[in-house]
Amino acid sequence: MKEYSKITSENIKKLRDICTDNAVIYEDDSALQAYSHDEAGGSFYAHMPQAVVKPCSSEQVSQIVRFAAAQNIPLTPRGAGSGLAGACVPLYGGIVLSLERMNRILEIDTQNMVAVVEPGVVTNDLCKKAQEKGLYYAGYPMSVHSSFIGGNVATNAGGSKVIKYGNTSHHVLGLEVVLPDGSIVQYGGKRRKDSSGYDMVHLFIGSEGTLGVITKIFLNLVPLAGMTVDLMVPFESVAKAIASIEPVIRSSSVLPSAVEFLDGTSVKYSCSYNNMELPFMQEAQAYMIVQFEAENSEQIQTLYEKAGKLFLDMGALNVYIADNRNNSEKIWRIRRNWLESLKAIDPNVPTGDVVVPISEIPAMVEYIKAVGKKYEVDIPVAGHAADGNLHPAPLNNGSSCEQWREVSEKILSEIALKACELGGAVSGEHGIGFIKKNLLSITKKNQIESMLKIKKSFDPNNIMNPGKLYEY
Amino acid sequence: MSKDIWTFARVINGRLTETSFELLTWGRALADSLGSSLCSVFISSKIQNDEVDKLFLYGADKVYAIQDERLKNFLPDIYMKAACHMIKKYSPHVVIAPADTFGKTLMPMVASRLRTGLTADCTELSIEDETGLLLQTRPAIGGNVMATIKTPYTVPQMATVRPMAKKPLKHKGSAREMVEEKVEEEFFTSSYEYVGFRQDESSEIALNQAEVIVGGGRGMKDEKNFSRLYELASLLGGGVGASRAAVDMGWVAYPHQIGLSGKTVSPKVYFAFGISGAVQHIAGISGAGHVISVNKDPDSNIFNISDLSIIGDCNEVLEKLVKKLQETGAVIKNERV
Amino acid sequence: MKMAVLVKQVPATENIKIDPVTGVMQRDNLQSELNPLDTYAVEQAVRMKKNFQQSTVTAVSMGIPAAQSILRQAIAMGCDEGVLLSDRAFAGSDTWATAHVLAKGLQKLGGFDIIFAGERATDGETGQVGPCVAVQLNIPVLTFVSEVKIEEDGKILATRSVEGGYELVRVSSPVLISVVKEINEPWIPDYNGMMKSRSASIKIMTAQDIGVDKADCGLEGSPTRVSKVFYPKLTRNGEVFSDSDPEKAAQKIVDFLKEKNIL
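Chains as they are written, first to last, in my numbering: chain A, 2 to 473; chain B, -8 to 328; chain C, 12 to 274.
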């Protein structure tokens, strides 16, 4: 692989010509620093970019890509920086292409039930806009208030609604992409079906910026549910909690829109952060949060009555029911602020993202606790139970930064490999970035080979987000 | 039936509160348009004459007072009896009190006992030309609606007004009459036993009397950052306020919460650090003189009601601002009595 | 101990939308809810019920028939029963008339040791009804209460959250206590509570039932009249400063304060 070129002040002049003066950050370390990391791990995963460019149109992106390719400068696309795998960290310096200014919701097409957005739109903003028109964007990562749609697509983000609506890839109908040679192409569009050839749209979903820059996104919208009800259910054991999932889902006439899991430790941390107190905090090893959507209050009543009774029959310590927004907010605050609450203790807390068959969750959690014991660290776990997706978050017990990086990587690797052994995968919804690159190469050798072939045909010079997903 | 305007004054530890004088500014305008007397009324333990004189200085034509050692603390039933006694005896046209925990307890009790109208939290008071009635304008539903209310058939017409909404103004009056009201012994039996007072360690200044309020929200990120708002507040001689989110996180106690389910404030300057500006919060600061907000989201709602909107990281800006004020030693110009 | 809690149905403020051009409130889809500040009063009563044997808590509201739903919510939280004072004659009541109706209802139900109320409702925002009810019932009132203790001799020691601190006051029951948010943190109803609230029958009492004269309630019985309603525009057209350098932003704030003659 030939060496990348360093950016010169001549280069910067050119970039400023393409965009505007204030769209380029250069030689300003404090401003560049903000683009050197995402939410994963903290400073020890950070790499400084040489420059940050903030284009505001596909044409500008295209010119930047063309220019970088010609100069052999690496290019790392970046969304909100809320990722957890280091996917937007510029490992080889070069240019960070921040899509923060491409933040327009171009269209809410009610007739076709499609939203057309730029990648820098905050996911929650789209949710709100769609809601105003009685529609719903069902991609709902837990970072919905900060993450960008573009990043959601690039990592194939999940979230709490996957059990009913699927992850981000289920909502994407089309993409406009700037390819590594600078050409602007559109795959898919305002249509729900397309059996004409390779499904190029889904090739780009989860590609983490290694194949091109996503500049426009066509998203599927669904009717807005009239009402929701949330149940919070403490259990004395993880096994009992998980065993209740299938019966509850099966007995309800509709799929729940969320089935979340928090272990007892997680609830303790989150409650102390939120200044709240929950029943059974001493005895409960697991809390489930289940949400149902319905048209009217009669349906809501039927749903929570059935589910509530079943949970109690399955050994729940109690069932708490929120049928109004104030009470729902109390439940979701605990789940949503989970990671924040851990960061309050350890600002660099790393989060795993393993996925296993639902039935293996108890074994997985047990294993995580055993690993915690072995390394003498606390590992709270939360996740999306019905997806079998767990986030173990080892908390530093006082090691130095360097030591902790090593230990925490070991911990998370052991957990991830165990997940694969149980029939799962090393990442459920956060992506691979560079932090889980090793794990992917160990667990999915065949896939890596195919991915490399695709990469070579799109980006032979390896300009786009080098160092991610695999060793090129 | 007199056309007199009464405003309540309050004595704490032998001193009249700042609000006592502000209320005279409210009352002065009303008395002037009716051509009637402005009277200040207080119920308290005995206070110094020069303290009473301040009421005349700030616009009172007449002062009514019941003074007794047993009235040192606010005992609602005795205060209600005392107020009703004076109102019945002298029949004022209008009675105004501050919309603080004192006024908002005493006034509804008095209005209820006298079966007359009371309007809470008025932001504007005026006299209707044709009828001479008091027009009381107040916000409702989070300030989204304003209503003008009258008490057409009964007297007195009663209202509470927000502290800090008007400045005390010196006034050259001629009449300076002090009426010391004497009451019977049985007046002093109370159902209440005053046990004591504990100062709130986190705030020296009552928020609804602060000239400057430094408010913080979720954007402050954590409790440690939040506590730095106190540095700015103390440099500016102000108090610390918070959005509901910050209170819910436990970064600061509920008495600091501003908004629909917290306090309504009218400082000269309100700082909003990392506050997104939910309708509920904005409802609490609509009476602020100047709003300065710092938020990294250029679309945040708080910017719609700000006089100065800073798009940036609230913690970084806070740090620099504190440093700058410490270096320059700039202080807030104080116009208090 | 026999306790009552006063509750009110209010519009769900989160959903209030104001037309940005006309400033008029858009009333379509306006949902209602239990006044959020009343939930603390309900929770406090329910907690005290747990500490005292043979205690009961009755949730009482004045409102339209649909307000039954908030009484059910109070029952789900642990109240024993709900009473709705509802009559066309009550429509248009101001705080005095509302307090009169509530006081008459409470008198009719009889014998409450403690009546709890929220600090104020999030729609009217007056906070006047609690103290007015107490005066009409001729019992003491404790406002802005952030802590309540029942002492061994049955006396009530309350902490009032007032300007700059906390005031400690002792009274004997019966008493009306209006509580502030810091008094507790209500959790949410459980399955049994929800099921109980659904099957509970809400007692509805009319003006006649509680002996309220038409002249003392509704618009007719209200000392105040609304003479004008208008929708203010809350926006200010301020200056926007977007330089990302915090140093410059801080300087800008200092300059602004100086310019406005504040510093």
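Keep in mind the hints are simulated off the structure, nothing from the lab.
Glycine included, every Cβ here is placed at the ideal spot set by N, Cα and C.
Worth double-checking, as some hints may not be accurate.
Distance condition first, Cα-Cα at most 20 Å in a straight line; then the derived EDC-like pairs of lysine to aspartate or glutamate [unchecked claim]: (1) Lys241/A x Asp314/A; (2) Lys61/C x Glu92/C; (3) Lys259/C x Glu307/B; (4) Lys160/C x Glu193/C; (5) Lys161/B x Asp59/B; (6) Lys310/A x Asp201/C; (7) Lys324/B x Glu270/C; (8) Lys239/C x Glu250/C; (9) Lys239/C x Asp304/B; (10) Lys263/C x Glu121/B; (11) Lys194/A x Asp182/A; (12) Lys311/B x Glu258/C; (13) Lys311/B x Asp314/A; (14) Lys61/C x Asp134/C; (15) Lys314/B x Glu258/C; (16) Lys119/C x Glu163/C; (17) Lys129/A x Asp290/B; (18) Lys254/B x Asp220/C; (19) Lys259/B x Glu270/C; (20) Lys287/B x Asp254/C; (21) Lys173/B x Asp59/B; (22) Lys269/C x Asp298/B; (23) Lys311/B x Asp30/A; (24) Lys119/C x Asp134/C; (25) Lys53/B x Asp41/B; (26) Lys63/B x Asp41/B; (27) Lys259/C x Glu472/A; (28) Lys269/A x Glu367/A; (29) Lys269/A x Glu214/B; (30) Lys314/B x Glu162/C; (31) Lys239/C x Glu121/B; (32) Lys259/B x Glu250/C.
Pulled a few chain B residues facing chain C out of the computed Cβ check, cut under 10 Å [unchecked claim]: (33) Val54; (34) Gln58; (35) Asp68; (36) Ala90; (37) Leu97; (38) Arg104; (39) Leu124; (40) Ile140.
Hints and how they fare:
1. Taken as a hint, the Lys241/A and Asp314/A pair is honoured in the structure, with Cα atoms around 11 Å apart against an allowance of 20 Å.
2. Between Lys61/C and Glu92/C the alpha-carbon distance is near 15 Å, which keeps this suggested pair within the 20 Å criterion.
3. In summary, the hint linking Lys259/C to Glu307/B is supported, as the alpha carbons are separated by about 11 Å, within the 20 Å threshold.
4. A distance of roughly 15 Å separates the Cα atoms of Lys160/C and Glu193/C; the hinted pair therefore holds under the 20 Å criterion.
5. The hinted pair formed by Lys161/B and Asp59/B fails the criterion: a straight-line CA distance of about 28 Å is larger than 20 Å.
6. The hinted pair formed by Lys310/A and Asp201/C meets the criterion: a straight-line CA distance of about 11 Å does not exceed 20 Å.
7. With a C-alpha separation of about 12 Å, the suggested pair Lys324/B and Glu270/C falls inside the 20 Å cut-off, and the hint holds.
8. Under the criterion of a C-alpha separation no larger than 20 Å, the hint pairing Lys239/C with Glu250/C is inconsistent with the structure, at around 33 Å.
9. Straight-line distance between C-alpha atoms of Lys239/C and Asp304/B comes to about 43 Å, which puts the hinted pair past the 20 Å bound.
10. Between the alpha carbons of Lys263/C and Glu121/B the distance comes to roughly 49 Å, so the proposed pair goes past 20 Å and is violated.
11. For a cut-off of 20 Å, the pair hint linking Lys194/A to Asp182/A is broken: about 28 Å separates their Cα positions.
12. Of the pairs offered as hints, the one joining Lys311/B and Glu258/C holds, with about 6 Å between alpha carbons and a cut-off of 20 Å not exceeded.
13. Between the alpha carbons of Lys311/B and Asp314/A the distance comes to roughly 58 Å, so the proposed pair goes past 20 Å and is violated.
14. The hinted pair formed by Lys61/C and Asp134/C fails the criterion: a straight-line CA distance of about 31 Å is larger than 20 Å.
15. Straight-line distance between C-alpha atoms of Lys314/B and Glu258/C comes to about 10 Å, which keeps the hinted pair within the 20 Å bound.
16. A distance of roughly 29 Å separates the Cα atoms of Lys119/C and Glu163/C; the hinted pair therefore is violated under the 20 Å criterion.
17. With a C-alpha separation of about 13 Å, the suggested pair Lys129/A and Asp290/B falls inside the 20 Å cut-off, and the hint holds.
18. Using a Cα cut-off of 20 Å, the hinted pair Lys254/B and Asp220/C is violated, with the two alpha carbons roughly 38 Å apart.
19. Between Lys259/B and Glu270/C the CA atoms are separated by roughly 14 Å; this keeps the pair inside 20 Å, and the hint holds.
20. Restraint check for Lys287/B and Asp254/C: satisfied, since their Cα atoms lie roughly 11 Å apart, inside the 20 Å limit.
21. With a C-alpha separation of about 9 Å, the suggested pair Lys173/B and Asp59/B falls inside the 20 Å cut-off, and the hint holds.
22. For the hint pairing Lys269/C with Asp298/B, the CA-to-CA distance comes to about 14 Å; that is within 20 Å, so the pair holds.
23. A hinted pair counts as satisfied when its Cα atoms are at most 20 Å apart, and Lys311/B with Asp30/A qualifies at roughly 18 Å.
24. Between Lys119/C and Asp134/C the alpha-carbon distance is near 27 Å, which puts this suggested pair outside the 20 Å criterion.
25. A distance of roughly 15 Å separates the Cα atoms of Lys53/B and Asp41/B; the hinted pair therefore holds under the 20 Å criterion.
26. Distance check on the hinted pair: Lys63/B and Asp41/B sit about 18 Å apart at the alpha-carbon level, within 20 Å; holds.
27. Taking the CA atoms of Lys259/C and Glu472/A, the gap is about 43 Å. The hint is violated against a cut of 20 Å.
28. This hinted pair checks out: Lys269/A and Glu367/A have alpha carbons roughly 18 Å apart, not beyond 20 Å.
29. Of the supplied pair hints, the one linking Lys269/A and Glu214/B holds, its CA atoms being roughly 18 Å apart against a limit of 20 Å.
30. Of the pairs offered as hints, the one joining Lys314/B and Glu162/C is violated, with about 50 Å between alpha carbons and a cut-off of 20 Å exceeded.
31. Using a Cα cut-off of 20 Å, the hinted pair Lys239/C and Glu121/B holds, with the two alpha carbons roughly 16 Å apart.
32. For the proposed pair Lys259/B and Glu250/C, the alpha carbon gap of about 18 Å is at most 20 Å, so the pair holds.
33. With a least beta-carbon distance of about 23 Å to chain C, the hint placing Val54/B at the interface is violated under the 10 Å criterion.
34. Checking Gln58/B against chain C by beta carbon gives a least distance of about 21 Å; that is not within 10 Å, so the hint is violated.
35. Restraint check, Asp68/B versus chain C: the minimum CB separation of about 6 Å is within 10 Å; hint holds.
36. The restraint placing Ala90/B at the interface with chain C holds, with a minimum CB-CB distance near 9 Å, inside the 10 Å limit.
37. At a threshold of 10 Å, the smallest CB-CB gap from Leu97/B to chain C is about 8 Å, leaving the interface hint in force.
38. With a least beta-carbon distance of about 5 Å to chain C, the hint placing Arg104/B at the interface is held under the 10 Å criterion.
39. The beta carbon of Leu124/B comes within 9 Å of a beta carbon in chain C, closer than 10 Å, and the hint placing it at the interface holds.
40. Evaluation of the Ile140/B hint against chain C yields a held restraint, the C-beta minimum of about 5 Å falling below 10 Å.
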